[in-house]
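Undergrad: Given chain A, put chain B in place with the hints provided.
Chain by chain, the residues run as shown.
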Amino acid sequence: MAEKTEVWQGTLALMVLKTLESMGPLHGYGVARRIEQISGDRLQLNYGTLYPALLKLEQEGYIRSRWGTSENNRKAKFYELTKAGERRVCKAAAEWEKTTEILARFLTTTEEA
Amino acid sequence: MRKLRAFFLRLIGHARTQRIEDDFAEELESHIAMDTEDGIRAGLTAEEARRQALVRIGGAEQARQRQREQHTLPWIENLLRDLRYALRGFRRNPIFSITAIATLALGIGSTTAVFSVVDRILFRSLPYAYGDRLVSFGLSQPLEPREFTLGFFFFNWRDHQRPFEAVTYERGVGECNITEPNPMQMQCARVADNFFSTLGITPVLGREFTPEEDQPQGPRGMLISYALWSERYNRDPGILDKSIAIDGQSTRIVGVLPQNFEMPRLQHADIVLPAKVDIAHQGTENAGLGVPLWAFARLKQGVTVEQAREQMQPLFEQMRNVIPAQFRNEFHLTVRSLRDRQMHDDYQAAWLLLAAVLAVLLISCANVAGLMAARGTLRQRELTVRMVLGASRKQLLGQALAEAGVLAAAGAITGCLLAWGLLRVFTALAPTGVLFLTKACLDPRVYFFAALLTLACTAICGILPAVQRPRSSSLTARATGSKSHTGLRRILVVAQIGMCVILLSSASLLFESFRNLETQSLGMDAAGALVVHISLAQARYTSSEAYMNFFLRAESALRGLPGVSAVGISDSVPPASDSWHDEMRYPDLVVSGKLRTPASVGGKVNIRRVTPDYFAALGIHLQRGRLFREEDRNQSGSEIILSRTLAVRMFPGEEPIGQHIRIATYMPYFVLNGPLYAVVGVVGDVKNAGLTGQDDPEFYTLRRNRPEDWSSHNELELRTELPASTIAPWIRTQIEHLDPTAPVEVVPMRQTVSRLADRPRFQAALIGFFALCGLLLSVIGLYGVIAFIAAQRTQEIGVRMALGATRANILRLITAEGLRLIAFGSALGVVLSLATARLLQSFLFHVSARAPQSYVAVTILLALVALCATMLPAIRAMKTDPMAALRAE
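Protein sequences appear in the order of chains A and B. Letter 102 of the first sequence, counting from 1, is numbered 102 in the working numbering, and no numbers are missing. Letter 526 of the second sequence, counting from 1, is numbered 526 in the working numbering, and no numbers are missing.
Excised from the complex, chain A in its bound form (with noise of 0.2 Å):
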């Protein structure tokens, strides 16, 4: 099994938004598989600390969840994105975008000096 990297801090809030944002209204276990499969399973996600995770968002109004019927007919409690966190995407993926490109500059210089 190759090598897996734990989620960094910080990131997996953006993951969440962004997974909610493509893929609608989700329940817990959705965003986490979802955020698995995108990461094409190097990401290890302890999926303990997705539900807190998904709870700071709620509190700080940029998700908001009910109870609803999952696809096997099972009750579950769905997420999805608010305009707030519809606004919140945009502006997280883009500071990003601008870090890590900072980042990448730094890390391709240094190896050619």
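Hints are supplied without guarantee of correctness; some may be wrong.
[As the list claims (entries may be wrong)] From chain A, some residues computed to sit far from chain B (all C-beta separations above 10 Å):
no., residue
1, Gly-10
2, Thr-11
3, Tyr-29
4, Arg-42
5, Leu-55
6, Gln-59
7, Ser-70
8, Asn-72
9, Glu-80
10, Lys-83
11, Val-89
12, Lys-91
13, Trp-96
14, Thr-100
15, Ala-104
16, Arg-105
[Unchecked claim] Sample of chain B residues at the chain A side, in silico, Cβ under 7 Å:
no., residue
17, Arg-5
18, Leu-9
19, Glu-27
20, Ser-30
21, His-31
22, Met-34
23, Thr-36
24, Arg-56
25, Ile-57
26, Gly-58
27, Gln-62
28, Arg-66
29, Gln-67
30, Ala-576
31, Ser-577
It should be emphasised that the hints constitute simulated quantities derived from the structure, not laboratory data. Each residue gets a CB set at the ideal place from its N, CA and C atoms; glycine is no exception.
TA: Below, chain B alone, put in the same frame as chain A:
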């Protein structure tokens, strides 16, 4: 914003824990079920699939725990737990709790009370919108050290000044009367039309003055005080534009002043009228100097008081020539902040009180920190167990802070009650002891300060003892507690004793000074002397003759009262220096046949115009020559009586009786055309510059039965054997026959003198009280430490006794511990007191701040009391039964 929302939701989360947890349990179950289903679909057994699902979620209980931490605020839970724990601990140990709470209540309560008194002097902003940018400016000179202005200067400055955004003035406060049904005597202030806008005062009702109303012939308008509006007009909003007769002239009410309105010089004012100064005539009125004014200004944004002074100096220099050459050099320009002008010499008194009470607060904090440290030592094993079980240092500190916080909060609540009581005592003790004392109260600002004090006490009492870190070795130690842990407490006790010495020595100096003040000779016999002040409405008494007639009738009416042996009338009375009295410069008294004293030889001389019985009524003794005689009052002549100091100064080594003196006048320029006075007598000096002031020389002239000797300034003096409460109604009845509208004030001279000693009494009593509190607390602290040390050494004492130590040896052993602390503390205190003594000197009257006897007395007192506190535990240790001590192991 989002953070705040999240914080709030988490705070609410505490109240809904159960519902949220149930909800999450369900969500978790649904998650695990889905994960398990996926596992089964992938070919695992149901059991294995569920196991893997649980692993992936990191354990169901852990997940729940994490969720709980997110949906509530964990530190609040910790805090509540710590508080519960602290309360339980204190309930188990009531003596400790009560001692600690009482100690903190004493510290916080007295500090809060003193703060509420000095707040307005030192910190609170003035009740004007532009309070911090307001300055007072004008001329000052030795006769009038508080700055004033003259119209000619002011209007010139107003037109040419640069540092100020706006300048304004007031013309002082005087008696005036509402002359319509239900007449009342009022205090009327006169101010410029831009007075309110410059200072930043907004009327609660109506408007300020218009420029037209400030014109000499303009319409008559006035603003009334909030109190007058409430009491006389029942807060009637329809009062605006009504007209009321003031001194017989109909005046329109244009506005109502705010409740917190104060004149900038703090005079009392019921009514504010426009000043109506005739600006065009300021260059000719009053010998070309203009009318006296008190000027205030608002600094431009960013201009400091110093810069303003520098910029005003050239203007002052230009105008200086107007002042008569003789005393041109005595005049200076003063520009200072309004607060400085108001507080003048009250700053120091306020700081003194605040410093003393802070010392008490520190002593009480040190005491409680010591108590907590002692408790901590006893609980060392418990703390160590908690540490070994994984409590972090932060958690232990949190626990200590929670304990200190509970104590401090309880102390603060009790302290606020104490502060309320103390304030009442302060006010009863000396209503004029310090500026604004009667206005001091516990308002939200003061409570906020008390809350800050509570936090500070919590920090001191919680952190200091927590510095002693429990060591893992104490888990295995056989006896609880170890000797090294008393180090902190010893330091605290030494500091307490040191601070206590400073307080005690300051208190003893202030007491001695107060005693000197009380026992000094006033130069008169205050017991049995009454002063009667009658306010006559100026509208009804328009000439000096009217005043003379009234007071001559009053004199003969009062002479007829039983028990009255003398009735005098004068234009002013000693000993206060701030009540009205006439005065002049010493060089303007010229002895006939001698050269004038150079004008630069300064000093002022008091003038009193009196009737012959004045001396008998006040009990002033004749030293040479004779007093005025009754028959002189109807003859023309010009006798003068000098005070002893003046006689010695004017006629050194000569016989003053029979000499002649002329008095210079300056209207319109220096002339020697006054009457020639013949010296007929010399009387003893009377205190006339307050109780602490240097006595000014004084002379007396006779008030004959002719109008030119009289004015609107009149006081009646009575000598009687009867108590004031008995005779006052009789006096009132007599005066009522003469003028039923005139209010009469009867004040025993004793009371006036006692009022003048208000401030020294206030300071001595307060500092004395604080010193005693400090002493009590320090002694308790010392006792605690020594008792603790003695208890810890019980086994050692047992061994020593078993090995042959006598009881005397043991007594010496324990007492030596205490003595060392007392010696260190006292030495520290004496050194510090001597270093700070200089600061105290200005409060002292006829006492040196370094008077050795007070330091010796204080140190001996402290040492004796402290020794007692040491002896108690030492004697207990001495009685230790060696067998019991050894067996206690």
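Undergrad: Indicate, hint by hint, whether the structure satisfies it.
TA: Consistency of the hints with the structure:
{"no.": "1", "hint": "Gly-10", "in the structure": "holds, 15 Å"}
{"no.": "2", "hint": "Thr-11", "in the structure": "holds, 17 Å"}
{"no.": "3", "hint": "Tyr-29", "in the structure": "violated, 4 Å"}
{"no.": "4", "hint": "Arg-42", "in the structure": "holds, 16 Å"}
{"no.": "5", "hint": "Leu-55", "in the structure": "violated, 5 Å"}
{"no.": "6", "hint": "Gln-59", "in the structure": "violated, 4 Å"}
{"no.": "7", "hint": "Ser-70", "in the structure": "violated, 7 Å"}
{"no.": "8", "hint": "Asn-72", "in the structure": "violated, 7 Å"}
{"no.": "9", "hint": "Glu-80", "in the structure": "holds, 15 Å"}
{"no.": "10", "hint": "Lys-83", "in the structure": "holds, 13 Å"}
{"no.": "11", "hint": "Val-89", "in the structure": "holds, 14 Å"}
{"no.": "12", "hint": "Lys-91", "in the structure": "holds, 12 Å"}
{"no.": "13", "hint": "Trp-96", "in the structure": "holds, 19 Å"}
{"no.": "14", "hint": "Thr-100", "in the structure": "holds, 24 Å"}
{"no.": "15", "hint": "Ala-104", "in the structure": "holds, 30 Å"}
{"no.": "16", "hint": "Arg-105", "in the structure": "holds, 31 Å"}
{"no.": "17", "hint": "Arg-5", "in the structure": "holds, 6 Å"}
{"no.": "18", "hint": "Leu-9", "in the structure": "holds, 5 Å"}
{"no.": "19", "hint": "Glu-27", "in the structure": "holds, 5 Å"}
{"no.": "20", "hint": "Ser-30", "in the structure": "holds, 5 Å"}
{"no.": "21", "hint": "His-31", "in the structure": "holds, 5 Å"}
{"no.": "22", "hint": "Met-34", "in the structure": "holds, 4 Å"}
{"no.": "23", "hint": "Thr-36", "in the structure": "violated, 10 Å"}
{"no.": "24", "hint": "Arg-56", "in the structure": "holds, 5 Å"}
{"no.": "25", "hint": "Ile-57", "in the structure": "holds, 4 Å"}
{"no.": "26", "hint": "Gly-58", "in the structure": "holds, 3 Å"}
{"no.": "27", "hint": "Gln-62", "in the structure": "holds, 6 Å"}
{"no.": "28", "hint": "Arg-66", "in the structure": "holds, 5 Å"}
{"no.": "29", "hint": "Gln-67", "in the structure": "holds, 5 Å"}
{"no.": "30", "hint": "Ala-576", "in the structure": "violated, 69 Å"}
{"no.": "31", "hint": "Ser-577", "in the structure": "violated, 69 Å"}
Checked against the numbered hints above, the structure breaks hints 3, 5, 6, 7, 8, 23, 30 and 31 and satisfies the rest.
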